[in-house]
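> Chain residues, written in single-letter form:
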Amino acid sequence: GESVGLHLPTLSVQEGDNSIINCAYSNSASDYFIWYKQESGKGPQFIIDIRSNMDKRQGQRVTVLLNKTVKHLSLQIAATQPGDSAVYFCAENTGGFKTIFGAGTRLFVKA
Amino acid sequence: DSGVTQTPKHLITATGQRVTLRCSPRSGDLSVYWYQQSLDQGLQFLIQYYNGEERAKGNILERFSAQQFPDLHSELNLSSLELGDSALYFCASSTPRYRDNGQQYFGPGTRLTVT
Chain G
6 GESVGLHLPT LSVQEGDNSI INCAYSNSAS DYFIWYKQES GKGPQFIIDI RSNMDKRQGQ
66 RVTVLLNKTV KHLSLQIAAT QPGDSAVYFC AENTGGFKTI FGAGTRLFVK A
Chain A
65 DSGVTQTPKH LITATGQRVT LRCSPRSGDL SVYWYQQSLD QGLQFLIQYY NGEERAKGNI
125 LERFSAQQFP DLHSELNLSS LELGDSALYF CASSTPRYRD NGQQYFGPGT RLTVT
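Residue numbers (the working numbering), protein chains in the order written: chain G, 6 to 116; chain A, 65 to 179.
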């Protein structure tokens with residue numbers, strides 16, 4: 006079936022380094038993508054989104070890249086901080102207002 | 065604080081029982097979503113309501129049902145509970161746009177433990 010998945014379930018980075026979290030999607034009809042951050046014991050929180058008519062969008066310390074050719078989405082976090090430690094989910098909006106979440110990647114930031 | 069509230073925060077019950085989880089969406093949001101998250105797992109979409117009507121359905125078991133009331137709050141009913149139903153249940157809300165659901169705002173979740 007249609008799904009959104011992640012290449013790496015766990016990512017460990019040194020504080021101050023840049024982090025890249027990847028996500029693959031299979032529905033070529035999806036036209037809206039979102040990254041969420043979930044800290045331990047809390048609900049997911051919106052980070053950044055991107056529409057399919059764009060290939061890059063920047064926020065504060067975060068950048069989302071969309072490659073529609075290979076159906077790939079990535080989240081880049083600049084100068085990773087301990088507070089960035091969390092699980093990151095990508096999500097796609099397919100036709101019919103259905104939102105599908107990926108499996109999640111756990112980011113560990115080493116001090 | 066996302067503006068989405070969920071009650072109760074914790075719920076412990078026995079197998080075979082029935083429980084009701086409650087969600088109040090963010091002010092102005094018309095859509096409510098329910099998700100199930102098992103330990104260290106992803107978010108499993110259960111169901112979406114828009115302004116009182118069911119809009120989308122995910123992998124929701126027949127033992128589970130939900131509704132959205134005229135004041136837009138929603139309830140998720142889980143019946144004939146099994147041990148495997150133990151999980152975090154999240155509610156989210158958004159105001160869908162022309163072609164997508166938009167950004168979803170998640171509540172703090174209800175942790176259900178079935179013993």
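For the record, the hints were derived by calculation from the structure and aren't laboratory data.
Incorrect hints may have been included.
With a straight-line Cα cutoff of 30 Å, these simulated DSS-like cross-link-like pairs (lysine-lysine) come out [what the hints assert, rightly or not]:
hint	chain 1	residue 1	chain 2	residue 2
1	G	Lys-61	G	Lys-115
2	G	Lys-115	G	Lys-47
3	A	Lys-73	G	Lys-73
4	G	Lys-73	G	Lys-103
5	G	Lys-47	G	Lys-103
6	G	Lys-103	A	Lys-73
7	A	Lys-73	G	Lys-76
8	G	Lys-115	G	Lys-42
9	A	Lys-121	G	Lys-73
10	G	Lys-47	G	Lys-61
11	G	Lys-61	G	Lys-103
12	G	Lys-103	A	Lys-121
13	G	Lys-115	G	Lys-103
14	G	Lys-42	G	Lys-76
15	G	Lys-103	G	Lys-76
16	A	Lys-121	G	Lys-115
17	A	Lys-73	G	Lys-42
18	G	Lys-42	G	Lys-61
19	G	Lys-61	A	Lys-73
20	G	Lys-61	G	Lys-73
21	G	Lys-73	G	Lys-42
22	A	Lys-73	A	Lys-121
23	G	Lys-42	G	Lys-103
> Hint by hint, note whether the structure agrees.
Okay, the hints, checked on the actual structure:
A distance of roughly 28 Å separates the Cα atoms of Lys-61 (chain G) and Lys-115 (chain G); the hinted pair therefore holds under the 30 Å criterion. Between Lys-115 (chain G) and Lys-47 (chain G) the alpha-carbon distance is near 21 Å, which keeps this suggested pair within the 30 Å criterion. Of the supplied pair hints, the one linking Lys-73 (chain A) and Lys-73 (chain G) is violated, its CA atoms being roughly 40 Å apart against a limit of 30 Å. Restraint check: the Cα-Cα separation between Lys-73 (chain G) and Lys-103 (chain G) comes to about 19 Å, which is no more than 30 Å; the hinted pair holds.
A hinted pair counts as satisfied when its Cα atoms are at most 30 Å apart, and Lys-47 (chain G) with Lys-103 (chain G) qualifies at roughly 23 Å. Distance restraint check for Lys-103 (chain G) and Lys-73 (chain A): the Cα-Cα separation of roughly 27 Å lies within the 30 Å cut-off, and the hinted pair is therefore satisfied. Only pairs whose Cα atoms come within 30 Å are accepted, and Lys-73 (chain A) paired with Lys-76 (chain G) is rejected, the gap being roughly 38 Å. With a C-alpha separation of about 18 Å, the suggested pairing of Lys-115 (chain G) with Lys-42 (chain G) holds against the 30 Å cut-off.
A hinted pair counts as satisfied when its Cα atoms are at most 30 Å apart, and Lys-121 (chain A) with Lys-73 (chain G) qualifies at roughly 26 Å. This hinted pair checks out: Lys-47 (chain G) and Lys-61 (chain G) have alpha carbons roughly 28 Å apart, not beyond 30 Å. Taken as a hint, the Lys-61 (chain G) and Lys-103 (chain G) pair is honoured in the structure, with Cα atoms around 23 Å apart against an allowance of 30 Å. Proposed proximity of Lys-103 (chain G) and Lys-121 (chain A) is supported: the alpha carbons are some 8 Å apart, at most 30 Å.
For the proposed pair Lys-115 (chain G) and Lys-103 (chain G), the alpha carbon gap of about 36 Å is over 30 Å, so the pair is violated. Distance check on the hinted pair: Lys-42 (chain G) and Lys-76 (chain G) sit about 21 Å apart at the alpha-carbon level, within 30 Å; holds. As the CA atoms of Lys-103 (chain G) and Lys-76 (chain G) are separated by approximately 18 Å, the hinted pair is consistent with the 30 Å bound. Pair hint Lys-121 (chain A) plus Lys-115 (chain G) does not hold up; C-alpha atoms about 40 Å apart against a cutoff of 30 Å.
The hinted pair formed by Lys-73 (chain A) and Lys-42 (chain G) meets the criterion: a straight-line CA distance of about 20 Å does not exceed 30 Å. In summary, the hint linking Lys-42 (chain G) to Lys-61 (chain G) is supported, as the alpha carbons are separated by about 19 Å, within the 30 Å threshold. The hinted pair formed by Lys-61 (chain G) and Lys-73 (chain A) fails the criterion: a straight-line CA distance of about 38 Å is larger than 30 Å. With a C-alpha separation of about 11 Å, the suggested pair Lys-61 (chain G) and Lys-73 (chain G) falls inside the 30 Å cut-off, and the hint holds.
For a cut-off of 30 Å, the pair hint linking Lys-73 (chain G) to Lys-42 (chain G) stands: about 23 Å separates their Cα positions. Between Lys-73 (chain A) and Lys-121 (chain A) the CA atoms are separated by roughly 24 Å; this keeps the pair inside 30 Å, and the hint holds. A threshold of 30 Å between alpha carbons decides the hint, and for Lys-42 (chain G) with Lys-103 (chain G) the separation of about 20 Å falls inside it, so the pair holds.
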